[in-house]
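Letter by letter, the chains look like this.
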Amino acid sequence: MRPPKGSYQPLRPHELHVLVALAGGERHGYAIQQEVAARSGGAVRLGPGTLYETIARLLDRGLIREAPSKRSELDHAQRRYYALTGQGRRLLAAEVERLGDVVRIARERLEGSEA
Amino acid sequence: MTDGPRPSRGESLYGLLLLLYPPRFRRRFGEEMLEAYREERARGRKRFYAAMARDLAVSVPLSWARILRRRRHEEEHRIKAVAVDKDLSYALRALRSHRSFSLAIVATLALGIGAVTSVYSILHTVLLKPLPYASPDRLVRLWDRHETVPYFSVSTGNFVAWRGEARLFEELGAYREDGFNLLVEGEPLRVPGSRVSANLLRVLAVTAARGRGFLDEEERPGAERVVLLTHGLWSSALGGDPEALGRKLVVSGEPHTIVGVLPKAFTFPQQPDVELLVPFALDASSPDRNAHFLRVLGRLRPGVPVEEARAELVTIAERLAQDFPESNAGWTVAMLPLHQAMVEDVRGGIRVLSVAVVLVLLIAGANVSNLALSRAASRSRELALRSALGASRSRLVGQLVLEHVVLALLGGLGGLALAWGAIAAGPSILPESLPRQAEISLDLNLFLFGFLLSALTGVAVSLWPALVGSKSSLVRPMKGSSGGGRLRAALVSVEVGLAVMLLVTAGLLLRTLGAMSRVELGFDPSSVLTMKMTPVEATYPEPSDRIRLYRETLARLEELPGVRFVASVHRLPLDGGNSSFPAFVEGRPAPAESRFPAFNYRAVGGDYFDAMGMTLVSGRSFDDAEMWESGGVVVVNEAMSASLWPEGGALGSRIGQSPRGPWLEVAGIVGNARESSLDEEPQAAMYIPYSVAPVPSMVLVARTAYDPLELVGPVRAAFAAHHPGQPVAQFDTLRDHVERALGPPRFHAFLLSVFAALALALAAVGIHGVISHSVRQRRREIGIRIALGARAGDVLAMVWSRGMAPVAAGVVLGLSAAVALSRTIESFLFGVDRLDPVSFVGFPLVLIAVAAAANFFPARAAAAIDPVETLRSE
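These protein sequence lines are chains A and B, in that order.
So the first sequence is numbered by my numbering: it starts at 2 and just counts up by one.
So the second sequence is numbered by my numbering: it starts at -3 and just counts up by one.
Don't read these hints as lab results, they were simulated from the structure.
In this text, a Cβ means the ideal position worked out from N, Cα and C, and glycines have one as well.
Where hints are given, some of them may not hold.
[Said to hold, decoys possible] Here are the simulated distance ranges between beta carbons:
| hint | chain 1 | residue 1 | chain 2 | residue 2 | range |
| --- | --- | --- | --- | --- | --- |
| 1 | B | S8 | A | G43 | 24 to 30 Å |
| 2 | B | R391 | A | S41 | 52 to 58 Å |
| 3 | B | A451 | A | R62 | 38 to 44 Å |
| 4 | A | R62 | B | R39 | 26 to 32 Å |
| 5 | A | R62 | B | R23 | 19 to 25 Å |
| 6 | B | R39 | A | E109 | 37 to 43 Å |
| 7 | A | R62 | B | E378 | 43 to 49 Å |
| 8 | A | R62 | B | A456 | 43 to 49 Å |
| 9 | A | E109 | B | R391 | 55 to 61 Å |
| 10 | A | R90 | B | A456 | 51 to 57 Å |
| 11 | A | G43 | B | R67 | 35 to 41 Å |
| 12 | A | R90 | B | S8 | 37 to 43 Å |
| 13 | B | E71 | A | R62 | 15 to 21 Å |
| 14 | B | A451 | A | P11 | 48 to 54 Å |
Generate coordinates for the entire structure from the input sequences, incorporating the hints supplied.
Rendered as structure tokens:
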């Protein structure tokens, strides 16, 4: 799959983490942070500033959006939920494919050198 | 627990540190960040404060960088979007602040475009649009032709022969105009109609919308009587009743079966008012070869050229001339495409109008360019300043173009409104003789053309000044140079020249109109009521019945109060036609070429000469017995007397229609009257008593002591009382009747005068604009002259004469062009030389006077310049 035209900038690691977290469904900011921490086994811990700056950048690029429906139900009123946009989903898929290629090639070479 | 309403010290500190972030970011995420801080803190993360410090150090600069980048982005977008919007509002502001300039341009364009669009709508409909029949290019009109009369109605004998023998025609049909008396629910009704050959609708390729057309056998004498109605008559007289088909309608006193209704869009060729068709009775076995009264239309077979078809008919005519020398010697055939035949008479007039309207458009164009040039020059400082302040050239050019396009579109809109109004007013302005008037409308193509024209004008007009204006450096305008001054003077010359051409032409046509309306008519059209009465055939079948009816009617009308004289005549003067027959003098050998020329005649009843106000020169009029019973006498006019009896002695001589008599004695001689047309010398004519020529229909004429139209009511009442069922129609005054004959020259003169007045006004605006501009440009020079001792009078004279120079050049140019133009309009002139001094000197003098005035005001302003003030301000 090709990335959407003109909007392709390489994703920073934090951005990739946030997108992956949101690929599983809508989340609010702190839930994203927790999921990222859980998946990386506590290796990646996003501080509040880094987390929300990343969210802001992804919002600017149109890769995620606020999901208005989830606001202020059981949670705190100020918590906002975020979701992938179509563009974000496509970009993530392209990025994952690219990473998959990298992983495959790297694995082949590593196995080859071992043999 | 740190969780609680009171924030911890660390939390308060974090809250303060949030101020490091950009405000927009803080407002949006601040609360959530504090929340995240509290959660992390609650989980008792290791090295919590170090992690928070690292997070701050990384994210604050990133956040600022992002916000700033974004702000720059938005700014660029906003500027682009705002620029067009700004230019438009700037353009509107600039136009509002130069209101008189804007108004002048919009008005100039509106007048130019309006005049062109309306005149070309007329031209397009009348001259170019195909006739509203299928394959109209195959329709032709045919005439009998004699060397003395190039286009003459066709005799029944010739029509029957052509129709029977010609192979290159699909159909040949004939008709003659007629009026019919209808009886609808007991009410008499007079309806214009036509008697047609059964195949006429096939010639036009028209089929009935309801019912059927005529069958071929229905034109034979003695056939069942049938009638076709137009959609209009069917709706108005029968209420559009679908059951009307097959019913009887009383036409001319005889019941006729309604066999069909014509399509709504149908108009009868050449006579759009026809509402009813009846087949004429044609005795094909022994047709009349002497009476010429049919109008013949043909439809050519596909692909047959007009010339070939004409040649075929000429061959037939040659054979007819051999077979029937008595009636057909010297006769051949004339043929024209039907469309050409219809517009032939008006083609020239429309062409003159087209030329005039193009001249108006050229003047308008010159004027707009002139105004735009002047204004660009006076704005060059503003443009130079804005250019120095960094406005790009493309931006300035774009803005000027935008300004002028706005003006042009406004002008175009105004022009279309004017055109629409002019076309709506058309019926009251256009002369009745103009064919196809009902079809005239503002068509969409011309509408778009007008709009496009105005937009293009806007772009074209703005380009020159835009380039001059935006190229200007700061230096040139500050020096006060007047670029384009010579060009503007040339434009003034052109404008003046064109205006002179229009003025001279308008002058010639106005003088023609004047000469025509002052023409000695030979009769007095004031205070005369005219009305048409055609005796109903069924009630008054015999000539003697008609004679009795007219005699009684005239006697009754004479008794009405206020009536001075009443009479009847079979055709009024100036009704566009003539009736004639040959005349032989008793006791003289018949002239060799006996049939033509014939002499005009009028069958009259009552006190015709008194009612018409004609003068009896010698002898006497008819007495009552001669008029209605015995006949035997005739009155001739002076022209006829001079033609047949150049030595005198007309009175008492006897003339007849054939060399064998019967004879009519010349009882009196009357003065000549213009009966055929206003612009022809009166022709020889004779007046014969109705008892001698009891034609089927006459016009009643009543000279009254007061407003003739007040007589209409009493006349109707008298008819209702004494002759119920006998219609009387077409009430008119003789004055209006004569006025209608003046229609075409009046129309030409009216439009040319409007155009000339327009041209004059536009030229005045142009001259004034150029001179006042040049005075503004030369304030400094004039100030210095005054400072050096020039007197106000000298300055005024200098500025004024400099302004008049291009006017003088334009007048000379215009007069020479007008001399050439006058040759092409010579055929429209009457009673005025084509180099008429009044038109060639007087009318241009009006323009010179206007130009002198337009020049005077700026010149006076120049003379009033205060040198100290001017030099100080520089």
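Verification of the supplied hints:
1. B:S8 x A:G43: 24 to 30 Å: 28 Å, holds
2. B:R391 x A:S41: 52 to 58 Å: With Cβ atoms ~55 Å apart, the hint holds.
3. B:A451 x A:R62: 38 to 44 Å: 43 Å, holds
4. A:R62 x B:R39: 26 to 32 Å: 31 Å, holds
5. A:R62 x B:R23: 19 to 25 Å: 20 Å, holds
6. B:R39 x A:E109: 37 to 43 Å: 41 Å, holds
7. A:R62 x B:E378: 43 to 49 Å: 45 Å, holds
8. A:R62 x B:A456: 43 to 49 Å: 48 Å, holds
9. A:E109 x B:R391: 55 to 61 Å: Since the Cβ atoms of E109 (chain A) and R391 (chain B) sit about 60 Å apart, the hinted range of 55 to 61 Å holds.
10. A:R90 x B:A456: 51 to 57 Å: The hinted range 51 to 57 Å holds for R90 (chain A) and A456 (chain B), with Cβ atoms some 54 Å apart.
11. A:G43 x B:R67: 35 to 41 Å: Taking Cβ atoms as reference, G43 (chain A) and R67 (chain B) lie about 37 Å apart, which means the hint holds.
12. A:R90 x B:S8: 37 to 43 Å: Holds - the Cβ-Cβ distance for R90 (chain A) and S8 (chain B), about 40 Å, lies within 37 to 43 Å.
13. B:E71 x A:R62: 15 to 21 Å: 19 Å, holds
14. B:A451 x A:P11: 48 to 54 Å: 50 Å, holds
Checked against the numbered hints given earlier, the structure satisfies every one of them.
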